[in-house]
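Chemist: Sequence:
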Amino acid sequence: MAVEAQRRSTVPPLKQRLETAATSVRTALPRLPILRPIRTLAGRIFFFNLAGLAILIVGVLYLSKQQAWLIEAKRESLRTQGEIIAAAIAANAALQTDSIVLDPTRLPSLDGALIQQKEDELPSYELPISPENVKPILSRLLQPTRNRARVYTRDGTFIADSDILFGREMRPVSYPSVSSETPGLMRRLEDFGARLLAFFWPTDLPIYKELGRGNGTEYVEVQAALNGIATAMLRANDRGRRIVFLAVPIRRNKVVQGALLLQTRSGEIDDLIAGERKIVAMLSLMALLATLGSSIMLARSVAGPMRKLAVAANQVRVDISNVKSLPDYSARDDEIGEMSGAFREMTEALLRRIEASEKFAADVAHELKNPITAARSTAEALAFARTEDERRELVELIQLDLRRLNRLITDISNASRLDAELMLRQAEPVDLASMLDTMTIGFNDRFSDDSRRIAFHVTDHTRSGFVVRGHDVRIGQVFTNLVDNALSFSPENGTVTVRLRRIGDEIEIAVEDEGPGIPEDRLAKVFERFYTDRPATESKHGKNSGLGLSISREIVLAYRGRIWAENRTEPAPAVEGAAQAPPKVLGARFVVRLPSATAVSSRTGPSVRRR
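Using the working numbering, read the sequence shown as starting at 1 and increasing by one per residue.
Just so you know, the hints here were simulated from the structure itself, not pulled from any lab data.
As the structure is a computational prediction, the values presented were derived from the model and not from experiment.
For glycine and all other residues, C-beta sits at the position ideal for the given N, C-alpha and C.
All the given hints hold, so there is nothing to weed out.
Mimicking EDC-like on lysine to aspartate or glutamate, the simulated pairs with C-alpha atoms at most 16 Å apart in a straight line are:
#  : residue 1 : residue 2
1  : Lys209    : Asp238
2  : Lys324    : Glu345
3  : Lys254    : Glu83
4  : Lys525    : Glu566
5  : Lys584    : Glu566
6  : Lys308    : Asp328
7  : Lys525    : Asp363
8  : Lys584    : Glu514
9  : Lys359    : Glu528
10 : Lys324    : Glu348
11 : Lys135    : Asp163
12 : Lys584    : Glu570
13 : Lys135    : Asp161
14 : Lys584    : Glu520
Here are the simulated distance ranges between beta carbons:
#  : residue 1 : residue 2 : range
15 : Phe447    : Glu388    : 31 to 37 Å
16 : Ile503    : Asp533    : 27 to 33 Å
17 : Gln399    : Ile503    : 44 to 50 Å
18 : Asp437    : Ala331    : 47 to 53 Å
Turn these sequences into a full structure, and let the hints guide you.
Modeler: Printed below as a string of structure tokens:
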């Protein structure tokens with residue numbers, strides 16, 4: 001029992017076996033040689049276009065193959081013609097010059113009333129059918145048609161055949177087809193098509209056997225007609241062409257005296273269907289040409305450019321300097337053009353990021369080298385210190401350089417993690433009014449012993465409608481950096497003012513100080529990495545790494561916002577007789593504009609944009 005239980009535990013469950021089998025099938029299918037042509041985009045375009053056309057053609061041919069209504073119409077035509085000929089034969093009509101005259105006294109019935117005869121009189125319906133009268137009737141009534149007629153007596157004995165009357169020789173197997181009038185090449189093509197259709201859609205029709213002058217009871221329909229039942233049959237000759245047969249009884253006063261067998265020419269129905277198929281074939285050929293044209297156009301306009309883009313992308317992967325070899329389809333006003341433009345922009349952005357990373361690495365090495373070199377020089381000077389005060393001062397300098405180095409490494413680490421964090425974290429609604437109010441209170445508490453203050457002003461007293469989408473920590477970091485920067489330039493008893501207002505679909509935050517302002521040629525440069533231009537007390541020994549404004553710009557751009565620096569100015573007082581003096585600088589102003597939450601479509605994360 002234990003062995004049996006262990007064996008069952010080792011057998012994988014049914015679901016696992018099915019999943020394994022499905023995985024094997026999915027892995028093996030793409031490797032099949034028959035599926036290899038459709039593994040490419042061009043192959044799939046051709047395959048699915050032609051597959052739809054092939055299904056249409058096969059369906060039309062199948063429907064034409066099953067046109068039972070055409071066969072039924074031919075049967076009704078034969079039935080009408082057969083009843084007329086049978087009535088003429090039964091009445092023993094006499095042939096005159098231009099018309100057939102029926103003897104009313106010898107008709108089997110008239111208006112449904114039977115001809116009364118005397119009991120001792122030999123009934124006329126017992127007389128055999130006269131071959132001499134049958135042949136002229138067949139010759140006269142069948143001459144305009146292409147049908148064949150044969151007449152048999154009550155015991156199936158052959159009496160007459162229209163083909164013999166009209167000079168057509170009987171063939172041992174089949175009779176001439178209507179299509180024999182077509183040119184030889186066309187006839188051979190039609191025969192080939194008929195055999196091809198018969199191969200794919202084999203019929204179970206009985207094969208027609210020519211009896212010649214044999215007994216007509218060999219035909220099932222003749223037997224039925226001799227029993228008083230008009231019967232139709234559909235047969236096929238040895239070439240697969242269909243022939244409609246109809247046997248009608250020849251009656252005199254409701255007594256069957258013989259049978260009339262009518263048949264269409266072999267292939268007559270097939271020729272009618274072939275005519276329809278020719279039209280379908282012409283339309284299918286036109287559709288095929290249109291499909292091939294559209295497939296070639298799609299392959300050239302879709303698969304070709306995509307393959308070129310793939311080859312160029314592989315070259316860029318091998319060597320980023322091959323970015324100029326990317327094909328440019330941006331002039332195309334379609335999805336390929338959009339993809340090409342986006343692909344080029346993505347590659348150029350990647351190249352810019354690589355160049356920025358290289359520049360960042362060089363800047364980091366340079367910035368790290370400065371405090372390390374300073375600490376090393378101070379440490380070397382420590383050995384030459386003569387007094388305890390000199391040694392203490394040198395140790396303090398080393399500690400300041402190390403703190404500067406620590407601050408620099410921390411800021412570099414934050415800057416390195418910034419892109420990944422902005423891309424992976426999901427954006428959330430952030431209330432700027434509440435955030436800035438809390439930050440202002442925190443800064444004022446932090447600098448309670450300082451004469452500098454932070455003021456917060458909101459244009460809307462309700463403080464509503466100032467919601468953006470982003471990460472509260474990173475957005476808070478932006479304004480912390482801006483306020484820290486403004487405080488570092490503010491004089492004693494100065495005020496840093498934070499203003500919040502709404503402009504259309506954007507929310508603007510301005511941080512103003514009362515410092516010396518920024519030179520006009522450095523308004524954009526202040527956002528570069530490791531750039532610093534501060535008072536000596538701030539720049540000395542690493543109180544600032546030069547990364548704060550750069551990080552702020554990256555965060556703002558990540559949320560599709562804008563950030564810039566400008567100077568607060570006022571016109572200089574006019575002096576009579578003197579040239580107008582340049583405006584007086586009241587301080588610097590850093591402006592941030594972010595799209596409001598109502599203007600940003602819902603998405604899983606921030607839409608990062610880089611310059």
